[in-house]
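Peer 1: So the chains spell out like this:
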Amino acid sequence: MTTPETSAPHAATPPSADGPRRGRTSPRPDAAARADGWRRRLPLMPAFLFVVICTQIPFLLTIWYSLRSRNLLRPEGETFVGLRNYLDLAVDSTFRTAALNSILLTLGCVAVSLVLGLGLALLLDREFLGRGFIRTLLITPFLIMPVAGAMLWSISMFDPTYGLVNWLIGTVGISPVDWTSSFPMLSIIIALVWQWTPFMMLLLLAGLQSQTPDVLEAASMDGAGAWTTFVHITLPHLRFYLELSVLLGAIYVVNTFDQIYLMTAGGPGTASANLPFYIYQRAFLGFDIGQSAAMGVVTVIATIIIATFALRLIFTSINSKEQS
Amino acid sequence: MSTAALDARRPVAAPARPLTPRRPRGTATGRFLTVLAWAAGLLFFAPVAWMVLTSFKQESQAASNPPTFFFTPTLEQYASIIGSSGAGSYLLNSVLATGISTLLVLVLAVPAAYAVSIRPIKRTQDVLFFFISTKMLPVVAVIMPIYVIAGQIRMLDNILTLIVLYTAMNLPIAVWMMRSFFLEVPGEVLEAASIDGASLLRTMRTVLLPMVAPGIAATALICVIFAWNEFFFALNLTAANAATVPIFLMSTMTSEGLFLARLSAASVLASLPVVLAGWIAQKQLVRGLSMGAVK
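Protein chains in written order, with our numbering: chain A, 13 to 336; chain B, 49 to 343.
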């Protein structure tokens, strides 16, 4: 890790503008306060503007595109169409399937990896021979390049003729299954759960290890069984960590693209397309900018509504944690 | 788990940090849980182990039914990947996009995090809220305008475009992470420095940055992981010149038919940098993934 050291001097430069004049009082107090406010804000500005330019401006353009009919294959025929792209969405059954798949994929993956992650975290929250080694093995799926992971599952694991999974179920007499064609959503969810369970485990394990041993000790002295201790002490303590895992997991999983693109290409038909994949298809294979922009806007609005509730929850949690 | 087991454990439960006292080692339950943990660990790792195993096979052994478990390992696939034309340019693009974007993120995020922690501005909460909310913006919702603009300013298939986008992608996470590290710097240290009359720049360089150096390393690790593995932008915005390692990996599958052993070797090589970094820095990984919220 040499990066951080070499970058440190550069990193120190921007706030310097704010530095030398500290503590000198200006004749007019309100002007001084305002100047101080700007000095405080100055170090924030480069990062803030960078993010605004790279995320907000493109999004405003997406809204603009969504009100126009525009197809990259027909550059001449661009007109303002108002809300027609949105009305078209209402009758687009593939869009509804994709929206439903997005919800299914996110809920399924987050729920299963949360439960598995919690189980693994509990298993690792005790001393045993090879604990560090097992933890290292367990986090590996999260570190594998998602493109590599997706191809590993779709070919090495799920291939109908020489995949490892069919060989395994064959040893107990189950006939081969064409996983990615017959059960596209399940196949994708399995690959996603494999990737995201380590993430959940790491967060929840950190939560478990931040428990004060005294409390658990006291509970066991009072004669509380393992299950009672878990439900009444460990779970409430883990609440913040569980919420955080769900929120962060959902943020990443809802944007899943790699696995769908590489494992099923949204198919068969559009059976396993989620919103990111369907929007990608309409934009880059159909070159239908207006329509895909409208879908993007709808997705963002839905995400904002859901995320606002989730964020409020987390912020209350983080604040109460920082104050305690 | 029986109460008897708990009772037996109690008299000796006095070390500095008794690790979960309710699960004593040496009992039947304890042994069972250990076996379970090992089984789970090996199960999760099995696909990776299989990928590594396949990468040392001949193609005929890689796609066999039943699977080949015993074979004479060969480095043929690795040699073919490393020797393949163009592999170097994919690697260089990935290194540039990951390295420069991570540096840029740190240069922008450290001052920004300072402004929302050590000498906080008004509306700090709103600023933090804004940063995290951009992570919730689905990438597909902005890809079209980015594609069109990049096309108009002749920046398609240019590594600079990826560098800018990866910076924007990781910046919100980095600000949150660095803030959590700055908040841990004790106030007395800063006060002492300012009483000494040290300028902010000097305080920053001599006091603050050394104290948050582990935080900078952790932030860099997370940025490297996300940038190195990024696929969507690379797929849509690059072609022959600026394509990165994930694109190379995909092309080994689609353009030349299916060579599973070769694909596995390429997958191992492509994943190796991030896997090694993550293994070495497991502790920082937790904090980074939670954007600094979990210590």
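Among the clues, some could well be false.
Anything over 12 Å on all C-beta distances counts as not near chain A; from chain B, calculated [unchecked claim]:
id, residue
1, Thr120
2, Ala127
3, Ile191
Heads up, incomplete: computed chain A residues facing chain B, CB under 8 Å, no partners named [stated by the list, open to error]:
id, residue
4, Pro55
5, Leu73
6, Phe92
7, Leu95
8, Tyr98
9, Phe140
10, Leu164
11, Ser168
12, Trp179
13, Phe195
14, Tyr292
15, Val312
What the hints contain is simulated information worked out from the structure, not anything from laboratory work. In this text the structure is predicted, and so the values were computed from the model without any measurement. The beta carbon of each residue, even a glycine, is placed where N, CA and C say it ideally should be.
Peer 1: Against each hint, give a clear statement of whether it holds in the structure.
Peer 2: Results of checking the hints against the structure:
The non-interface label for threonine 120 (chain B) is consistent with chain A: the shortest C-beta to C-beta separation is roughly 19 Å, beyond 12 Å. Against the 12 Å criterion, alanine 127 (chain B) stays outside the reach of chain A, whose nearest CB is about 19 Å from its own CB. With a least beta-carbon separation of about 7 Å from chain A, isoleucine 191 (chain B) fails to lie farther than 12 Å from that chain, contradicting its non-interface assignment. Below 8 Å, beta-carbon pairs count as interface contacts, and proline 55 (chain A) has one with chain B at about 3 Å; its hint therefore holds.
With 8 Å as the threshold, the beta carbon of leucine 73 (chain A) comes within range of chain B, its nearest partner Cβ sitting at about 4 Å, so the hint holds. Look at phenylalanine 92 (chain A): its Cβ only gets to about 17 Å from chain B, farther than 8 Å, so that hint breaks. About 17 Å separates the beta-carbon of leucine 95 (chain A) from the nearest beta-carbon of chain B, more than 8 Å, and the hint is not met. Checking tyrosine 98 (chain A) against chain B by beta carbon gives a least distance of about 14 Å; that is not within 8 Å, so the hint is violated.
A least Cβ separation of about 4 Å between phenylalanine 140 (chain A) and chain B falls short of the 8 Å threshold, and the interface hint therefore holds. Of the supplied interface hints, the one on leucine 164 (chain A) holds, with its beta-carbon coming within about 5 Å of a beta-carbon of chain B, less than 8 Å. At its closest, the beta carbon of serine 168 (chain A) sits 6 Å from a beta carbon of chain B; the interface hint therefore holds under the 8 Å criterion. Evaluation of the tryptophan 179 (chain A) hint against chain B yields a held restraint, the C-beta minimum of about 5 Å falling below 8 Å.
Violation of the interface hint for phenylalanine 195 (chain A) is found here, the shortest Cβ-Cβ separation to chain B being roughly 18 Å, above the 8 Å cut-off. The interface hint given for tyrosine 292 (chain A) is met, as the beta carbon of that residue sits about 6 Å from the closest beta carbon of chain B, less than 8 Å. Checking valine 312 (chain A) against chain B by beta carbon gives a least distance of about 5 Å; that is within 8 Å, so the hint holds.
In summary, the structure is inconsistent with hints 3, 6, 7, 8, 13 from the numbered list given earlier, while agreeing with the others.
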